[in-house]
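These are the residues of each chain, in order.
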Amino acid sequence: MENNLLISIVNFIILLIAPFFVIGIIKKTKAFWGGRYGVSIMQPLWDFLRLFKKRRVISTTTSWIFSIAPIVVLTTTLCAGLFAPMIKGVSIVDVEAAFIIFSYVLGFGKFFALVGAMDTGSSFEGMGASREACFTTIIEPAFFIILASTIALSGNYNFSSITNLVQNWGSFGVLITIIAVIALLVMLLSECSRVPVDDPTTHLELTMIHEVMILDNSGVDLALCTWANGIKMVILMGLIANFIIPNDLSLALSGALFLLIIFVLALIIGTLESGIARFRMSHVFEFIFVMCSFALVVASLAAVKMFGV
Amino acid sequence: MNYIAIKNNQRINISDIPTVEFNSLKEQLAISNLRPLAFFGSDWGDKIKLYTALADDEKGEILVSSALIDKNLKEYDSITKENHQYHMFEREFYEQFGILPKGHPWLKPVRKNLDSYEFFKMEGEQTHQVAVGPIHAGVIEPGHFRFMCSGEKVYNLEIMLGYQHRGVEDLMVKKPSNQLAESICGDSTIAYNMAYSQVMESLGESVISTKAKLIRRIALEMERIAIHIGDMGAILGDIAYLMGKEVYAVTRTLVINTMLEISGSRFGKGLITVGGVNFDIDEKMSDKIISMLSQVKDTVNKMTKAALKSSTVMSRLEKTGVVSKDTALELNLVGMIGRSCGIELDSRFDFCDEFYKDLEKKPFKATNDAYSRFSIRYREVKDSIRFVKKLLKKMEERRADALYLEPKKFIPDSFALSIVEGWRGEVVHIATTDGEGKLSRYKIKDPSFNNWFGLAMAVRNNGVSDFPLCNKGFDLSYCGFDL
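Just so you know, the protein sequences line up as chains A and B, in that order.
Using the working numbering, you'd call the opening residue of the first sequence number 1 and step up by one each time.
Using the working numbering, you'd call the opening residue of the second sequence number 1 and step up by one each time.
Just chain B, with the same shape it has in the complex (with noise of 0.2 Å):
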């Protein structure tokens, strides 16, 4: 295949990057057993250009290609119909461009949704229908949720996003900023900034300090921790273990205090910016943040045993919401839902830095069921704790480096590609720029674009009453999704 191998958040040119015919492209896509980063289509001049991202998650590398496509093409043969990791990559595609892919399998609406789209249906006398949300009982995000069941077990649930669309892509290519960037999911702004400031900062070839990179690394680390724990909590909760819902809500305040207390924003909004980041982790925040640490793992630890001996609890999470290793796999689940089907899929250690490099996550022994997306959580949590302790003693050498350091200009005509693993799993920021060094496309894909159907597949054949419990373990984004 033709295709230019990159590393995790470098810059190339887009010139550099070997512009394939289209049906080729595609054909090559179909048989790659690599897993796709990105599909998207990108304005030029009178032709679309498309890119290819896939994940060479053994080498490390992101082979990337592109095509051309003559912008009265009014179909092609889609290419879901042979790799089907590509059904959400092409709808979105088809979404913004109106170029039909033949042949896909359930072509319909990603984020713009359509009054008279027709929601997939079941009949018989048995079979009745029940739709959930947008507007849901908790605080929460708008979905919809329509399930078609015969008596309490679904027979299959059809999710429609998009109700928060907000023209985020657009946006970042208008007005960059951080503040943006972090607001696009509130509950990953740490990882969502640090992508987005990879991204400006590789495309401009500019350096950051050391320290700011432990930094970053560190508050990373700290927000899969606080939400982390916070999911473990509401997983409980949401089976009516009061305990265990009020203890972890307690401890997951506790981190994200101590995130107040470095940046000012408890989800540390603020803290990091293009260039390095914007609060100092001094030698007494350092010691806090330890103690902090000890403390939390401590009650963490107490608690998980506690909840995964009781009885009532077991009895609900274990083989709830099974989904193979195999169809997660073919759907490309990613993160921490991948893993916890059994994946092993680390976008920290398969894009490795000087930083992960030496550390170590322990195994883990997925069951691919509810109470294996919460032991993960648990899993995660512990080798957090254990990371953000060896970033923070790394910390010690890099007091005097500068925190800030002038970011440079974009480079005209680049392409700049950023994974970082937020608690969720990969998000994947690409930036291009044109001739005159501004921003021409802006990419995101936030891990609940591969994962969303993952849920779907989750609740079949389980009954209705355990969807929240599924729901919860997933905890994907609807705002990452509808951007």
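Just chain A, with the same shape it has in the complex (with noise of 0.2 Å):
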């Protein structure tokens, strides 16, 4: 109990550190395949403190609503953070069917994101929340199967029984965990607005969409959306890691594979990042619609298990 007391501060911490230094490989990352030295892997770190110290400028057409949309944001993502299994499978808060109040949580969190940017009357943050939200409509029940099948395989609610899949089905477990963490991948790239979803450095509004939904946030504001942003995507590559992670490797190894697979992803996320350019807007439906397949492949095969068709 105390082992995990421990286990769970330091998930706390990593879901609160982990997100710049992912951002700072990616870009690391992103800069060795363009031939370039790069900022410090800690840049988005400082960018971060030094938007603390930055004046907020809020549109005199904004209500109540934009000004709270950030901490909201913030606040729903960390608490989703709370329900997510990360290191050795601990959940800061353990209870029965996590996953659901996760989503819900998180989908909460994206409502206010929402909601904030088309309260700014601007044309471009509307035209943004509009892609955001057609994406999740899409992304949001393809990952509930995916969660869903895989935990009812493993007969306890637990959000952390996903580490068990290799254990308890042997091959067939590893085949539903391949098939998931590729379907995760898809998320993690469209959830997080990473290529070829999303292009996070493009300065065009007109192409953007996580980005332009923060467009009118400034200073204190803009830290919290961004900072919200890599948390989720810390998130994101914990659940990734559990999938893969067998839940018998003893804590000092399974904490260090843990990072290691974080730290593999933000290479790979940086590697794509390079090497292919970003899908048109309407393709990017049908690179979503993979991950709904798939889902739909875990759910057929976890249901050939559990009734044994």
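For the record, the hints were derived by calculation from the structure and aren't laboratory data.
Any given hint could turn out to be false.
[Claimed, not checked] Dumping the calculated DSS-like pairs for lysine-lysine here, alpha-carbon to alpha-carbon at most 27 Å:
(1) K288(B) x K361(B)
(2) K325(B) x K288(B)
(3) K288(B) x K319(B)
(4) K288(B) x K49(B)
(5) K302(B) x K28(A)
(6) K175(B) x K408(B)
(7) K309(B) x K365(B)
(8) K110(A) x K108(B)
(9) K309(B) x K28(A)
(10) K74(B) x K108(B)
(11) K153(B) x K174(B)
(12) K28(A) x K305(B)
Two chains, two frames, a set of hints: combine them into the complex.
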């Protein structure tokens, strides 16, 4: 029990700090492929601190919704992070069927991000919000299906039971793991607005998705929004790591493997962003539907195993 | 039609230009199948002298004609009604002289923006407007874009420019200088300065040395190489293909740094002057340019092949922003963009001089889309690298030539026209002198003047998120248009 408390504390610290380094590593990887030295891995952290020193500029057309949206987005993301399994499959708050709370708390934050963006009345932000909402409506059910079917497979309804797949079901578990991980990677790219779904470095408002929604945020608000997005990325990477890592490893090994997988995922994202172009907006849907079809495969595999058809 | 046919860079007496009755000139312009190069007015006592120039690209001739219009004339029947190629020219003429072209389909400001101007509007539950600019997120020039969309689809794009109208044409008359000419449009420094210098030399019938001519053309081609490579990188950057963006950016730097070594400016400012050039390209520099270009060619070849092999890049470029050849002809799209739409126009070869005569362009198969606009640049970079090498070879026999010959005074009552094919397309400079041999009118036409409307047509029925890609492919000039 005490051990769990310690892991929870470490998990929470990772949740708060890792986002900066993950983004730093992605940027460094992109710089490497582009033949540049690139900025320091610490730069996202310095940027974050710098934004705190800046003034908030708030458009006169906005209402209170715009002002509280960044805080709500950050709080809900952190809150969702409390339910998500991290190192050694430990969630800070471990309750039954936590994944349902997890999804909907994240969804609540997303809702406020959308409403906050539309509150500015800017045509750009409305466009970004509509794109984001569109993709989310496809991603959410797929995510739900994947988690529900893998968790149902393990018999108990704890979020951390996604770590048991490989042990309990052998090669069958490996198969489900591979498919689920691919689906979650698609979700990761889409939810965290990375190439090929979105381009985080672009300055072209018309092509943006996530960036355009925080176009009017400045100072602290902007810092909170980018931080929340980073935390979401770490949470999703943590989920992927937990799918892969067997749960009978020692704490040290499991923790190291967890961090390693997050590191490797950051490298993969950075490499992907350097090597391929972004999809046309209409093709992004097809890309995200990949996740849906993989989710259905996971569900049917789970059903086969459970009911022994 | 009553006209005088002249060659590129030829001076004529204003009195030699036939003055036609305005209505009959209009009728002839409306039915002519030659494309307009110029249609502008000039103060003529209590009247306005309207000059028109048509380009006969096949013969390499420019047909100049003129008409006298009473200043009290309030309106006339628009030519645009019958010949759409005049729609910008007539709007400009109306803005400068206030004579209303009756029946012009879309008479709105060219450069002098009015707050009261009502943009084209569509109504319906699903349609929405997106307004971009004139202040943009990137460090670019000001222009306002108004999209009428339904969801992600663009139905209409209206472009409003003129935010940096500086009155260049009037400045040119008051105080003509090379420094002013090369600052009009910074990314076409060489083309603008060359056109200006040629017009000034034509007005006085001054001669310059062959060596100076060669150096000018080498610089012009190097400008084309540099900007094209930079644009190829920018196109790939807009679709988030990072590798291409960075490799092209590095390669472009090689070219402009060589320009820095030649002229002391990466964009070639100060290189060209009326009467010749200021800087020499000696044997050592010549070798340097050749080895630099070989390296550039190698990198560009490799990178382009890799980029065009990537399915994600191709899926973005192909069938994006298609402008059909018919539309392009109707709008009189010129230069590189015209060529990417299948119009084989290139003033370097159409109005050929002794240097381009023995150079040969490889044929280009236009596909009219963003891919076409990317690959035409690749083709032109390769062509230009070949041209520079050949021009450098010609330099060898001309080492002893003078760089600069004192230009002569302007001949009174003259008219001169110069076309230079910059990287964007034909840059047309026209100047006239008065009875005392002073400049009386200076007219500039950037290829962007023709091509901006092409961009508006390209985005129709495309996704609004594809606009930046189309825009970068066209890469039109704001300052060259605003003047």
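Results for each hint:
Pair hint K288(B) plus K361(B) holds up; C-alpha atoms about 24 Å apart against a cutoff of 27 Å. Proposed proximity of K325(B) and K288(B) is contradicted: the alpha carbons are some 41 Å apart, above 27 Å. A threshold of 27 Å between alpha carbons decides the hint, and for K288(B) with K319(B) the separation of about 40 Å lies outside it, so the pair is violated. The straight-line distance between the Cα atoms of K288(B) and K49(B) is roughly 50 Å, outside the 27 Å bound, and the hint therefore fails.
Of the supplied pair hints, the one linking K302(B) and K28(A) holds, its CA atoms being roughly 24 Å apart against a limit of 27 Å. Restraint check: the Cα-Cα separation between K175(B) and K408(B) comes to about 17 Å, which is no more than 27 Å; the hinted pair holds. A hinted pair counts as satisfied when its Cα atoms are at most 27 Å apart, and K309(B) with K365(B) qualifies at roughly 18 Å. In summary, the hint linking K110(A) to K108(B) is not supported, as the alpha carbons are separated by about 44 Å, beyond the 27 Å threshold.
Using a Cα cut-off of 27 Å, the hinted pair K309(B) and K28(A) holds, with the two alpha carbons roughly 26 Å apart. Restraint check: the Cα-Cα separation between K74(B) and K108(B) comes to about 17 Å, which is no more than 27 Å; the hinted pair holds. Taking the CA atoms of K153(B) and K174(B), the gap is near 47 Å; set against the 27 Å cutoff, the hint is violated. A hinted pair counts as satisfied when its Cα atoms are at most 27 Å apart, and K28(A) with K305(B) qualifies at roughly 26 Å.
Checked against the numbered hints above, the structure breaks hints 2, 3, 4, 8 and 11 and satisfies the rest.
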